[in-house]
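Undergrad: First to last, the sequence lines map onto chains A and B. Just so we're aligned, residue 144 is where the first sequence starts under the working numbering, counting upward by one. Just so we're aligned, residue 144 is where the second sequence starts under the working numbering, counting upward by one.
Just to be clear, a hint being listed does not mean it is correct.
Note that the list lumps identical chains together, so a pair holds whenever it fits in one copy or between two copies.
[Claimed, not checked] Taking lysine-lysine pairs in the DSBU-like style, the calculated list, with each CA pair at most 35 Å apart, reads:
hint	residue 1	residue 2
1	K296	K421
2	K421	K386
3	K325	K428
4	K245	K428
5	K296	K148
6	K428	K317
It is worth saying that the hints were derived from the structure and are not from the lab. Model, not experiment: these values are computed from the prediction.
Protein chains: 2
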Amino acid sequence: MAKSKMEYWFEEMHTSNVKMSIRVDQHLYSGTSEFRRIDVFDSPEFGRFLTSNGNVIFSEQEEFTYDEMIVHVPMAVHPDVKRVLVIGGGDGGVARELSHYKEIEVIDIAEPDKMFVDVCRKYFPDNAIGLEDVRVRIYYEDGLRFLRKCQDKYDLIINDATDPLGHEAGLFTKEFYGNCYKALHDDGIMVYQHGSPFFDEDEENCRAMHRKAFKSFPISRVYQAHIPTCPAGYWLFGFASKKYHPIKDFNPERWESRNIKTWYYTTHLHKGAFMLPKYVEDILKEEE
Amino acid sequence: MAKSKMEYWFEEMHTSNVKMSIRVDQHLYSGTSEFRRIDVFDSPEFGRFLTSNGNVIFSEQEEFTYDEMIVHVPMAVHPDVKRVLVIGGGDGGVARELSHYKEIEVIDIAEPDKMFVDVCRKYFPDNAIGLEDVRVRIYYEDGLRFLRKCQDKYDLIINDATDPLGHEAGLFTKEFYGNCYKALHDDGIMVYQHGSPFFDEDEENCRAMHRKAFKSFPISRVYQAHIPTCPAGYWLFGFASKKYHPIKDFNPERWESRNIKTWYYTTHLHKGAFMLPKYVEDILKEEE
């Protein structure tokens with residue numbers, strides 16, 4: 144086929160000195176919302192993938208890792224989640240994983256970017272099916288503004304926002320963590336993207352995030368996953384909690400009894416995900 | 144500086160459809176040995192790095208992960224390692240980590256490629272210092288041929304060979320695993336590079352490797368690390384053992400008492416490294 148002879152590549156700078164390139168079959172969509180440029184590509188290696196301002200947000204071949212790890216880890220710890228707030232998450236992948244849990248009554252999604260939701264509905268039906276769950280309500284609002292109205296309202300807040308420097312900068316401020324704390328019930332948990340710790344350019348963001356969460360919540364731990372399209376293939380998540388400890392209050396039997404099908408998460412891996420490399424432990428400890 | 148304006152990149156195909164690029168400051172060395180082309184580069188992000196036939200073998204900024212994980216994991220399990228064989232390992236990084244252990248009496252290195260050793264001595268003194276340990280003996284021989292002469296001789300064999308398809312193909316055969324078994328004492332351990340499981344192109348190698356080790360040793364487990372220059376940033380190691388189990392016989396207190404300085408390995412991480420993603424567990428189980 145002629146297709147395989149053409150050199151057609153998407154490239155992402157992971158730092159100014161390291162680049163990841165993905166061979167592309169087709170550029171399916173390009174649009175600019177109020178917040179960002181959104182593109183959709185088909186690729187032989189990662190399947191279909193979406194970019195925001197030129198950064199890969201997720202791909203068909205690996206989104207399971209991110210969505211499973213940000214949902215099942217807190218859900219296997221908190222014994223009774225009824226009300227969940229997802230900040231960002233307009234693609235539906237997080238909602239899809241949440242929809243496996245029968246005890247959840249409300250899944251609120253605060254996603255300011257309606258174009259992002261529409262693009263995902265059209266091009267990523269396997270993610271967007273999560274938005275069809277009857278418990279889901281989408282609020283096309285800025286996450287920080289949405290949170291300011293909330294008090295003692297949620298059992299779990301998932302911050303699915305990815306870009307600490309762009310339009311989502313407000314979701315990485317001290318005020319944001321304080322508002323999350325206020326919006327949670329007394330035994331609430333908040334999980335968030337903690338970035339990639341390996342490259343020097345990313346390390347300061349990673350430090351600042353831990354500093355803020357550690358000051359705002361009595362329990363603040365970090366866990367990890369391998370996500371190939373992330374810088375260095377390595378991603379951290381934050382687990383900030385008012386009462387439950389991610390390991391001491393983890394109930395593997397209860398989670399296993401649900402029979403949720405996964406590709407990445409296991410109850411073994413749950414524990415292993417909190418066992419971090421020495422250099423990451425050192426970075427975090429220095430901010431505590 | 145003009146340097147920062149020049150686009151000068153080393154590129155490695157991780158699959159035919161995914162590429163990693165590293166900005167280069169200088170190309171310090173290029174030579175072709177009997178076995179392969181060897182190059183050395185300086186880069187702003189990974190420091191100095193070495194390539195073999197165009198594949199990154201290690202870089203200053205991340206070699207610690209690989210060398211620590213392949214040495215400290217078995218050393219924290221086996222209670223009394225006196226004789227070690229390293230297959231490949233001519234750069235000295237594995238020997239450097241082994242040199243922290245006083246009880247070791249012999250570190251034999253079977254490295255056919257003398258040019259590789261010479262290049263590492265010149266350009267990577269922080270690795271090659273491992274070769275200066277008085278217990279180290281370098282045999283410039285093919286690993287498989289060296290092994291055929293060995294019987295009941297070692298407590299630990301570390302297969303540091305990286306290229307299952309090139310000149311080191313013999314080190315990934317069924318005969319190789321059988322010869323390692325024979326060369327080990329009754330309570331010996333063998334560790335080896337298990338490759339990256341994420342991309343389809345790598346998965347079959349990963350399966351074949353587990354199949355062979357699982358048939359050759361009573362205990363055969365796989366553990367993981369994040370190594371940014373590896374395909375998908377994700378690397379597996381094999382732990383094949385005649386007697387000791389990597390978790391049940393793991394002695395964290397004994398290892399801690401040695402006070403070895405690390406950047407990646409911790410005794411927590413030791414356990415976590417064996418807790419694998421579901422899709423990796425499934426691949427391995429299918430070959431058992």
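Undergrad: Work down the list of hints and note, for each, if the structure agrees.
TA: Status of the hints after comparison with the structure:
1. For a Cα distance limit of 35 Å, the shortest separation of K296 from K421 across copies, 34 Å, qualifies, whereas the shortest one inside one copy, 37 Å, does not.
2. Both within a single protomer and between protomers do K421 and K386 lie at most 35 Å apart by alpha-carbon distance, with minima of 26 Å and 29 Å respectively.
3. In this homomeric assembly, K325 and K428 come within 35 Å of each other (Cα to Cα) only inside a single copy, at 25 Å, whereas the closest approach across copies is 45 Å.
4. With identical chains, the CA atoms of K245 and K428 are at most 35 Å apart between copies only, with a shortest distance of 31 Å across copies and 37 Å within one.
5. In this assembly of identical chains, the alpha carbons of K296 and K148 never lie at most 35 Å apart, being 55 Å within a copy and 52 Å across copies at closest.
6. Proximity of K428 and K317 under a CA criterion of 35 Å is satisfied intra-copy only: 19 Å inside one chain copy versus 45 Å between copies.
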